[in-house]
Every structure is written in structure tokens, then in C-alpha cells.
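Chains as they are written, first to last, in our numbering: chain A, 1 to 495; chain B, 1001 to 1125.
Worth double-checking, as some hints may not be accurate.
[Unchecked claim] Here are the computed lysine to any residue pairs in the SDA-like style, where the Cα-Cα straight-line distance is at most 25 Å:
hint : chain 1 : residue 1 : chain 2 : residue 2
1    : B       : Lys-1112  : A       : Arg-322
2    : B       : Lys-1002  : A       : Thr-384
3    : B       : Lys-1112  : A       : Arg-280
4    : B       : Lys-1033  : A       : Gln-217
5    : B       : Lys-1112  : A       : Asp-271
6    : A       : Lys-166   : A       : Trp-199
7    : A       : Lys-326   : B       : Leu-1049
FYI, nobody ran anything at the bench for these hints, they're computed from the structure.
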Amino acid sequence: MQTESKMWRRYLMWFAHEHIDFRHAEMQSIISLLNIPVRYVEKPCVRKPYCIVEMPTEDCVRKIASRSVLLKNCIELWARANTVSQLHVNLKNSLKNSTGSWVNGEKDNDGVSNTCLCPKELIESSCPLKKSFKIEVETFCKHYSMKEKVSKIETFSYLPFEGPVKLKNPDVTLAYLEFYGVDPNDVPDEPYDVFFGKWIADGQRDLIQVHSLKKRQFIGNTSMDAQLAIIMANQAQVKLGDMVLDPFVGSGSLLVAAAHFGAYVWGSDIDYMMLHARTRPTRVGQKIRTKEESIRGNMRQYGTESRYLDVVVSDFSLHNWRSDLKFDAIITDPPYGVREPTEKIGIERENYTLSEEHMANHVPSKVEYGLGHIYSDLLNFAATHLEMGRRLVCWYPLVREEYQESQLPSHPCLKLVANSEQVLSKLAARRLLTYEKILDDVPNMPVDPNAGVHNFREKYFTMGETTRRERKEKRAEEVAAYLARKLESTRYDLT
Amino acid sequence: MKLITHNMLTSKCLKGVMTGYPLAINATDVKVKEVDFNPEFITRVIPKLDWEVLWVAANSIGHGEGLPKTLEPKFEEDEDLLKRVHKVLLEVEVEEGNLTCPESGRQFPISKGIPNMLLTEAEVQ
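All chains, full assembly: derive it from the sequences and hints.
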């Protein structure tokens, strides 16, 4: 047996089982943003919605919880085991552990110990007579009735809690968690893992409802889902007083998330009608846009209007920012050429002229602005216009089976620090790419050599075509086989 | 359009234009909208500004009052100044008007507070 440092406490971080590929990236971004030292006792992994960490103070935990949208809650760990009976044994032995620190037990093959004992002071400090308490039972992947949960709570009656039980706002909330795996079609009778501890803080799951697109005044056809927008702001390490730009701003959902964390925000877009909220309404049944609908209006709705700087109608291929201007973060979702067109100002015809009288209300024509060029321009722009050490966060669409990390957009001044996949369909996905600026000396870059690879639109539709044709052929074959069988059986009947 | 944005915008996208900065403001409608004061943010922004451009711009739309022509060192200790800069940068808004390129004279309209910096297809050929 070995003892560990007295200073650090052990915490169970419990995550929502959603956007799993983003979980670790978000946590790492927040930890490095807040500069919090973390030791992993049990590393995060895709097969379980939790990890166990050690941190110096409870304040660290609260800070992390105040940012993370994928974190459900965080519990000061008192005991864990792979069976319910072992958990009780551990807890009872912990009450006798007066070494003042954790006593680690034997580790199994996965490096997990089921017989760790917490110092008894951890439990006793929550027990005084005056402190009211409650115990919450949470079961992952299995449902229990209230009655069953109460009987589970009663098994902890040996704990020396003297204060009154109070269900609303108690001084201490204790948590008992049972984990039955992540496969709802294969739920075991007994849990794989059980935990007991003191609740410390909830993550930002509630913010998903608060920022929900369903209740947002102004939305467009491709507005970013509230949860993903918050993840992006975390990936970009947006903090109070930052200056943030979204160069493909659309209806401004990314600005909403960035401003929530204290950033002052700019947006630009080539779509004049969108920035003036005069596009066709997105909601079913809504005929015209209301006067309140605008990006600024959205920020007013969430109480962050003070941090709205401006939106500018501008073509990103010929942007208008001062060349020495540096942003603290650039977060964006460029058009993929499927639901939103990839366009820049231009005309195929040569020697086109425009007379003075038509200038005032002229709507310029647009030409294709290929994804390869968009990402080259975006990475070059970020290399020039980011503060050192700050981040560009953007989505990148691709055909799943063709994905190769080496073909992602790249730039010598930018280091890819995170890359998480969101699956969109059987064939297509998009990846959230997080780049950090590591070099200030920006070379004159040619267009990305992989630019041709980034033609998502063409691939997306040709992929769709072949499968559609394949599906048709398959169905025809099935029908033919069925008819043949039927013919066979009638022939049999006749004979 | 706020003056903080004006301080960062150029018309260098135009062919033959070198810096396209600063753009001249011709405002027909200017509003003042109150915004929460954040001294840390203003202190952080000031070094990023072209101060003279801000001073000229503020005066050109009649809101230069109390703004010093040159910035003293240790400006961050002068809360009064920070408040004045805050007002000029974030509260004064050009609702309607034009921005003019200093080199070519090309005008960019501002309507409902949003500048339109788009060129025409003829200009990008």
C-alpha cells in the first residue's frame, strides 16, 4: 500500500453521453485556459462517461464546471468499487482510515483500484449535527423507481450523518452513482462500477436550454446548435475581454456563445440579406421576419448586447481588416457548399463594366469560392490576424471513408491541437478543428496543396448518387428474386 | 457602426489601393446607445487603436469632446479618460452614412448601422 499527497482531493467528473469525441478536447481546452493542474487517476475513455482526477482545490473544480457544457456534474470522490458490496466495505473502512490521506489498494489490469480508502476526515467534515443533507441516486443506463432508489439510500445508514435530511437546498448533497455500461441493449443485472461522494458542482448543461435555437429570436437555416457553439467557444479558449471574430457569421450563433464567456465580438459575412435579417424566415409557419430579429437582437435576448461590436458585409476573399489587427480568437463555420453556397464576388464574363447610375443599388454577381480556397484563406488569415498562442476553431466537412488526418488544412504557423468528429450521416461528417498559433513569422503561402481534396460538395453529391443508384438496383434485384420464388412456388403448386 | 470598428476597417480590397486607411466618415444619422463600462477591456483595446484616426473620426461626427489629441502614457490610471474612450468606441453609432476610401474616393454605404464593404464584380476583375 502506498499513500498519496495530502494536499490534493480526488474528483469524479461525470459527462453527458453525447458528442463523445469532443469530451476530452473540451476538458483539455478548459484546463489549459484556466491553467489548472490536473492528475488523472482514471483517464477519460469513450466506453465510460466519467473520469477520475485529482486537483489541488475545490475552487478548481468549480471553475471547470463553470465552463464545460459536456460535463454533467462533479463529485468529490469518497469511494468507488466494481461491486455494491465492495463499495460499502470501502466506505466502512474509510471511516477508520485516520492516516489523513488516501490509501491506495491493489490495481487491476486496467490500472483501476477497487479498494482505495479515502481519509476519514473527508467524510466526517460533512457530518456535523448542524448540517442538513440529502443523498441523490443516479443510475446510468438503467431506470429505477423512486421506491427502489430510497431503498438504495437506506443501505448507507451506517454513515455518521447527524444533521437533518433536507431535500431542497441542503448544506451537503451526497451522490451515489451506479454505472451499467453504455449499451442500452445489453444492460447487466449488477452495475460495472459504483461511486459514492459529495456533490460539488454542475456543468453547463442548463445553458443548452437557455441558448436553445427553439427560443432564439433570430435564426437562419444553418444556425449552429447551442451546445456545439458553446463547445467551440471553449475550444477557442474565449475569456472575459477577448476580441473575437467570426468571418462567416451568418445568424451569429457563434458570437452568442463567445459573448456568453465575456468576449467582445465582430462578425462579417458576404450575405447582405442575412446580416440585415431580410432572408426568408427559417421557422415553419413564419411569413416575414420581425423587426427585432438581428444578431444584435439575439445578444440583447441573452443579456450580452454590451459586448456586441459590429457586423460588416464583407467578402472574406477580399477582407477589410487592418493588416496589423490581431484577434484573440477566430471561430467560424464556413459554408460547405451544400446547404449554404460557397461564394465570393466575381463574374465569369470578361471586361464587365458597371455604369455610375447603377452603382447605388447594385447587387454584385458571385462566383464559386471553392472550399480549398476558403480554408487556405482562413488559415492564412488566422496566421496573420491571431495573437500568439491563441486559437482558430472551425468546422471542416468531409466524406468519412476518405478521411486522412494528413490531408486536413494546414499552415506552418498553426498547430492542430484538437480534431473531433461529428457524424452527419452514414457518408458525411464534419470535424471541429482547433488550431493554435505557434509562429508569428508568416510566410507567403501558396494555395494549400491538398486544396483539391477539400471539394466536399462534389463528393457529397456523387456519393449520394451512387448509393441512390445502388439502392435502386438492389431493390430491383430483390423484387426480381421475390417474383422468381413466387413463380417457382406456383409452378410447384400446379404440379 | 461603432468607431472601434471604423478604426480597424480598410478599403485595401480595392485594386490599386495600398492601405485604404483611414476611411473618411460621412454620417447622416448618429446615435448614442449606452453600453456597460468595462475598464479592463478599454485598457486592452487602446494599444490596438490608431489613436489619431480615432480622434479625427470622433471629431468628424461631432463626438470628439474631451478626447485628447495625443494619448498620455499611464492612460490606464485615468478612469475619466477610459470612460470617455469607452463612450466614443462603443456607445457612439453611425446608423446611416458613408465610408470613403482615402485613395480612390470609392464610397461604401452604412445602412441600419451595418457597413457594406462589398465591391462590385467589375472592381474585382
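Outcome of the hint check:
no.	hint	result
1	Lys-1112(B) to Arg-322(A)	holds (23 Å)
2	Lys-1002(B) to Thr-384(A)	holds (24 Å)
3	Lys-1112(B) to Arg-280(A)	holds (19 Å)
4	Lys-1033(B) to Gln-217(A)	holds (21 Å)
5	Lys-1112(B) to Asp-271(A)	holds (15 Å)
6	Lys-166(A) to Trp-199(A)	holds (15 Å)
7	Lys-326(A) to Leu-1049(B)	holds (11 Å)
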